[in-house]
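Trainee: Residue-level listing of the chains:
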Amino acid sequence: MKIKQIIKKKINDDVLYNNLKNFASGYKISRQKAMEGLDFDELRKEIYKIKDRSKEDLLKLFNRFKENVESPTCKVFHAETSDEANSIIADICKAHNARYIVKSKSMTSEEIRLNDHLEKEGLRPIETDLGEWILQIGGEHPSHMVMPAIHKSRQQIAKIFEKHTSESIDPDDIEKMVKIARKYLREYFFKAEVGITGANVAIADTGTIGIVTNEGNARLTTTVPPVHIVLVGYEKLVKDFTDALKIIRLLPKSATGQVISTYVTWIKGSNPSTKSNIDVKYTYYVFLDNGRLSFFEHPFLKDALKCIRCGSCANVCPSYEMVGGHVFGDVYIGAIGSILTALIHSEKKANDILNLCIGCKACSANCPSNIDLQKIISNLNVYLKEKYPLNLLKKFTYDFELKNPLIQKQTMKVMTIVQIPFEDKHYLNLHKIPIINKAHQFRMFPSVKKNTFSASYKEKGLDKVKSKKKVFFYPGCAVEYFYPDMGLKMMEFLNKAGYQVDIPEVSVCCGLPAIHAGDGKSAKETILKNVRHMGDYLEYEAFLVLCPSCGMAIKEEYKTYLFDHIAEYKKINGIGEKVISFAQFIKEKGLTLQTDNQKIYTYHTPCHQGRGLQFDTEGFLKEILGDRFVNLKDSNVCCGFGGSFSFDFPEVSGGILAKKIENILATNADCVLTDCPGCIMQIDGGLKAKGHDIEVKHISEIF
Amino acid sequence: MDSSMLIERFIRNSSAAQAINITITADELQKTIPTLDAQFVNIEPPFDIWNVSTKITEKGIDKAIIQADLAIAETGTVVINSTSEDIRLATCLCEHLFVVIKASEILSTLEDAGDYLHENHLQNNAYTAFITGPSRTADIERVLTIGVHGPTAVTVYIVSDC
Numbered sequence: 007m008k009i010k011q012i013i014k015k016k017i018n019d020d021v022l023y024n025n026l027k028n029f030a031s032g033y034k035i036s037r038q039k040a041m042e043g044l045d046f047d048e049l050r051k052e053i054y055k056i057k058d059r060s061k062e063d064l065l066k067l068f069n070r071f072k073e074n075v076e077s078p079t080c081k082v083f084h085a086e087t088s089d090e091a092n093s094i095i096a097d098i099c100k101a102h103n104a105r106y107i108v109k110s111k112s113m114t115s116e117e118i119r120l121n122d123h124l125e126k127e128g129l130r131p132i133e134t135d136l137g138e139w140i141l142q143i144g145g146e147h148p149s150h151m152v153m154p155a156i157h158k159s160r161q162q163i164a165k166i167f168e169k170h171t172s173e174s175i176d177p178d179d180i181e182k183m184v185k186i187a188r189k190y191l192r193e194y195f196f197k198a199e200v201g202i203t204g205a206n207v208a209i210a211d212t213g214t215i216g217i218v219t220n221e222g223n224a225r226l227t228t229t230v231p232p233v234h235i236v237l238v239g240y241e242k243l244v245k246d247f248t249d250a251l252k253i254i255r256l257l258p259k260s261a262t263g264q265v266i267s268t269y270v271t272w273i274k275g276s277n278p279s280t281k282s283n284i285d286v287k288y289t290y291y292v293f294l295d296n297g298r299l300s301f302f303e304h305p306f307l308k309d310a311l312k313c314i315r316c317g318s319c320a321n322v323c324p325s326y327e328m329v330g331g332h333v334f335g336d337v338y339i340g341a342i343g344s345i346l347t348a349l350i351h352s353e354k355k356a357n358d359i360l361n362l363c364i365g366c367k368a369c370s371a372n373c374p375s376n377i378d379l380q381k382i383i384s385n386l387n388v389y390l391k392e393k394y395p396l397n398l399l400k401k402f403t404y405d406f407e408l409k410n411p412l413i414q415k416q417t418m419k420v421m422t423i424v425q426i427p428f429e430d431k432h433y434l435n436l437h438k439i440p441i442i443n444k445a446h447q448f449r450m451f452p453s454v455k456k457n458t459f460s461a462s463y464k465e466k467g468l469d470k471v472k473s474k475k476k477v478f479f480y481p482g483c484a485v486e487y488f489y490p491d492m493g494l495k496m497m498e499f500l501n502k503a504g505y506q507v508d509i510p511e512v513s514v515c516c517g518l519p520a521i522h523a524g525d526g527k528s529a530k531e532t533i534l535k536n537v538r539h540m541g542d543y544l545e546y547e548a549f550l551v552l553c554p555s556c557g558m559a560i561k562e563e564y565k566t567y568l569f570d571h572i573a574e575y576k577k578i579n580g581i582g583e584k585v586i587s588f589a590q591f592i593k594e595k596g597l598t599l600q601t602d603n604q605k606i607y608t609y610h611t612p613c614h615q616g617r618g619l620q621f622d623t624e625g626f627l628k629e630i631l632g633d634r635f636v637n638l639k640d641s642n643v644c645c646g647f648g649g650s651f652s653f654d655f656p657e658v659s660g661g662i663l664a665k666k667i668e669n670i671l672a673t674n675a676d677c678v679l680t681d682c683p684g685c686i687m688q689i690d691g692g693l694k695a696k697g698h699d700i701e702v703k704h705i706s707e708i709f
Numbered sequence: 003m004d005s006s007m008l009i010e011r012f013i014r015n016s017s018a019a020q021a022i023n024i025t026i027t028a029d030e031l032q033k034t035i036p037t038l039d040a041q042f043v044n045i046e047p048p049f050d051i052w053n054v055s056t057k058i059t060e061k062g063i064d065k066a067i068i069q070a071d072l073a074i075a076e077t078g079t080v081v082i083n084s085t086s087e088d089i090r091l092a093t094c095l096c097e098h099l100f101v102v103i104k105a106s107e108i109l110s111t112l113e114d115a116g117d118y119l120h121e122n123h124l125q126n127n128a129y130t131a132f133i134t135g136p137s138r139t140a141d142i143e144r145v146l147t148i149g150v151h152g153p154t155a156v157t158v159y160i161v162s163d164c
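If you read the sequences in order, they're chains A and B. So in this note's numbering, spot 340 of the first sequence is number 346, and the numbers just go up one at a time. So in this note's numbering, spot 64 of the second sequence is number 66, and the numbers just go up one at a time.
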């Protein structure tokens with residue numbers, strides 16, 4: 007099945023939809039509560055530092071671990087590939103005449119498909135984590151790193167249990183199902199000759215592993231059978247307990263929103279075991295390379311090896327929430343899953359998953375290891391698109407149209423004519439356009455305006471307004487072609503406040519669409535043109551944007567594309583420091599923004615405002631609107647737009663939007679404010695398509 | 003942080019993880035423990051308590067009473083040296099786990115347990131358990147269910163005058 011067909015199937019899976027939706031909203035609340043009183047940013051920087059090491063450092067840690075733990079009954083192995091790891095483990099099991107093997111949850115064992123291998127060798131591995139066991143007896147693979155069976159309903163699970171146990175089971179009696187699992191699995195803990203676990207940390211200074219669980223299955227797996235095998239990726243090594251405890255502090259909070267998991271078990275070497283013929287356990291550690299070690303020296307992929315496997319990048323991913331881990335991931339899921347798929351499994355598969363990234367940066371903002379996952383995805387996209395090129399239409403858009411402002415202008419001009427039969431006030435009536443797929447009708451789309459922002463700017467003589475107080479305004483494509491009024495309203499305000507506002511001589515796309523699509527070459531050319539058309543940073547107090555995505559691109563992305571252009575690099579560095587949203591400018595300059603109506607407002611936080619330009623617009627609006635402001639639930643969750651994403655995956659985009667609309671309706675506000683024209687396109691279009699007459703306005707339009 | 007604040011913080015976090023917390027004096031503890039009629043008791047001096055050992059099989063036991071070495075206020079966790087196989091089996095396979103902790107052994111943060119762990123793990127082998135509340139799962143539709151593989155209830159006795 008092609009990925010788009012699989013997505014359609016997942017979108018229509020009500021169980022998956024409800025489970026993931028409930029989890030996503032519940033998780034956000036518990037995580038926030040668990041983090042109370044902690045400086046998350048400070049703590050995650052520490053974890054980043056702990057995990058920032060070279061291949062050489064890591065091998066030293068490995069040797070130290072080995073020296074500290076090895077004994078005649080305890081061996082440490084290095085496995086270069088998954089095949090090697092599988093063979094080592096199967097050989098150990100056979101040497102101990104094992105038939106039954108109990109396993110506690112290990113994603114690393116999923117990575118090497120250990121169960122398949124052991125079964126081929128005639129062994130019987132039994133998963134003992136409830137979620138993993140459900141999937142094992144149901145013949146499936148996990149769809150989440152921490153909650154493997156999150157895609158299943160109680161009814162589906164009851165059926166799996168009935169088939170396996172031949173007992174009749176009431177799907178609403180979850181407690182009973184848990185009791186059944188307890189009874190069945192208890193027997194295997196005692197039958198098994200070998201217990202296999204993973205490890206969340208491996209401490210070099212003492213040779214100890216740490217395992218985090220809630221159910222207590224890892225404790226039984228490492229207590230009852232006479233043999234313990236640990237399968238662990240090299241990246242889990244840390245120096246000492248201090249480092250390990252820092253990771254343990256953030257791991258459960260990020261994974262499930264728990265302050266700590268019920269059990270954290272620290273195990274070293276061969277502990278007493280009455281079932282063993284030598285009275286102590288035989289213990290084996292298999293350190294898995296499987297490609298990891300090569301990437302410790304890589305300029306940006308090395309950061310992926312700082313992951314502590316909490317799954318938070320999936321928990322907060324709006325795209326994952328729509329399609330689940332069987333689409334958004336391979337063995338590992340979510341943002342880190344898409345990256346590790348490229349590193350460990352298949353570039354082709356990774357390329358498919360990466361396309362599902364909407365670019366909202368929620369993963370980066372929530373990563374407890376401070377990995378800028380979004381940035382890695384962007385970089386990886388550029389590289390993968392050289393191997394798996396964009397389709398012709400996209401290539402044309404980025405490489406020809408958006409890069410050449412005159413062509414873009416002409417195309418848009420043609421659009422103003424072509425759209426006439428489909429135009430309905432300021433919108434396009436999408437269902438009247440024969441070539442447009444029904445899936446795209448989840449929102450109305452704004453029509454291209456006859457006068458561009460730049461043309462109106464000149465027509466109105468705004469270029470003639472001179473003052474000592476000067477700011478530069480970068481309109482971006484959305485304001486230039488679809489929402490010129492947003493820009494003009496802002497100009498009016500700033501001129502009144504005594505500011506001269508200059509704009510670029512030629513309006514060029516900011517380049518973010520090409521960056522996000524992975525067309526690095528076009529992005530670079532677009533960026534270079536832009537930088538040349540921008541004013542000198544020394545001349546202006548601020549570089550204003552109405553679209554935070556453009557602002558974030560200029561501030562964060564441009565530099566990485568200009569390493570080999572010294573003058574432009576210097577210029578953009580200066581500009582970057584002055585890039586600011588309209589709301590932040592007003593706040594910082596102490597200007598008064600007055601609204602003369604009695605409407606009730608709410609605010610949607612655009613992704614690249616909250617997590618890009620990082621100004622607390624919501625707080626600012628509360629100050630000026632007082633009790634005319636109501637909070638929007640999940641305000642900072644993506645609206646589903648993501649530029650070309652909403653055209654590539656309309657079902658996913660529409661699904662994300664539907665949740666946003668549900669939250670907006672619950673506020674009973676008259677007007678949704680936001681400060682991104684892209685979000686307005688999506689939210690306003692979605693509300694209109696559903697027949698709601700709630701206004702959606704840019705902050706520049708409300709006074 | 004003074005002792006009463008540590009106790010209060012410990013109890014808050016331990017209760018949030020569904021453990022029952024009881025503050026008790028050493029005298030009261032000595033009187034209480036025999037009444038619990040546990041199948042496994044492992045308490046160290048200065049408490050003058052008769053320890054009980056039972057062979058623990060697949061069937062498990064009803065009650066185990068174990069003394070923890072430390073507790074961590076930040077997370078509501080008790081730290082049990084579980085190198086002995088009996089202690090591991092008892093704490094894994096009892097239905098109701100009772101843990102005794104001296105108030106003076108409650109530490110403030112996770113990192114404060116670092117030295118203790120390091121020291122213990124300098125031996126050739128070691129097994130240390132952090133336990134916070136009863137065994138749980140949310141693997142079926144995210145519904146929190148208590149008691150999967152481990153104890154279905156945990157009670158912590160905080161001995162205030164020790």
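Fair warning: there could be bad hints in the mix.
What the hints assert, rightly or not - Derived DMTMM-like pairs (lysine to aspartate or glutamate); straight-line CA-CA distance at most 20 Å:
#1 Lys-245(A) to Asp-64(B)
#2 Lys-51(A) to Glu-113(B)
#3 Lys-185(A) to Glu-121(B)
#4 Lys-72(A) to Glu-121(B)
#5 Lys-189(A) to Glu-60(B)
#6 Lys-61(B) to Glu-392(A)
#7 Lys-165(A) to Glu-143(B)
To be verified - Between beta-carbon pairs, the in silico distance windows are:
#8 Val-145(B) to Ile-9(A): 27 to 33 Å
#9 Thr-56(B) to Asn-637(A): 38 to 44 Å
#10 Asn-637(A) to Ala-18(B): 57 to 63 Å
#11 Thr-27(B) to Ile-606(A): 56 to 62 Å
#12 Ser-106(B) to Asn-24(A): 18 to 24 Å
#13 Thr-56(B) to Ile-9(A): 39 to 45 Å
#14 Ala-664(A) to Arg-144(B): 17 to 23 Å
Simulated from the structure, these hints should not be mistaken for laboratory data. These numbers come from a predicted model, not from an experiment. Note that CB positions come from ideal geometry on N, CA and C, so glycine has one too.
Trainee: Would you mind marking each hint as holding or not holding in the structure?
Mentor: Each hint, compared with the structure:
Note on Lys-245(A) and Asp-64(B): the hinted pairing is violated, with a Cα-Cα distance of about 40 Å set against a maximum of 20 Å. Of the pairs offered as hints, the one joining Lys-51(A) and Glu-113(B) holds, with about 17 Å between alpha carbons and a cut-off of 20 Å not exceeded. Taking the CA atoms of Lys-185(A) and Glu-121(B), the gap is near 38 Å; set against the 20 Å cutoff, the hint is violated. A hinted pair counts as satisfied when its Cα atoms are at most 20 Å apart, and Lys-72(A) with Glu-121(B) qualifies at roughly 18 Å.
Taking the CA atoms of Lys-189(A) and Glu-60(B), the gap is about 10 Å. The hint holds against a cut of 20 Å. With a C-alpha separation of about 60 Å, the suggested pair Lys-61(B) and Glu-392(A) falls outside the 20 Å cut-off, and the hint is violated. A C-alpha spacing of about 14 Å is found between Lys-165(A) and Glu-143(B), which places the hinted pair at or below 20 Å, so the restraint holds. Checking the proposed 27 to 33 Å range against Val-145(B) and Ile-9(A) shows it holds: the Cβ atoms sit about 32 Å from each other.
About 56 Å separates the C-beta atoms of Thr-56(B) and Asn-637(A), a value inconsistent with the hinted range of 38 to 44 Å. Roughly 25 Å separates the CB atoms of Asn-637(A) and Ala-18(B), a value that falls outside the hinted 57 to 63 Å. Look at Thr-27(B) against Ile-606(A): about 58 Å separates their beta carbons, and that is inside 56 to 62 Å. At about 49 Å, the beta-carbon gap between Ser-106(B) and Asn-24(A) misses the expected band of 18 to 24 Å.
The hinted range of 39 to 45 Å is not satisfied by Thr-56(B) and Ile-9(A), whose Cβ atoms lie roughly 57 Å apart. At roughly 21 Å, the beta-carbon separation of Ala-664(A) and Arg-144(B) lies within the given 17 to 23 Å, and the hint holds.
Violated hints, in rising order: 1, 3, 6, 9, 10, 12 and 13; the structure is consistent with all others.
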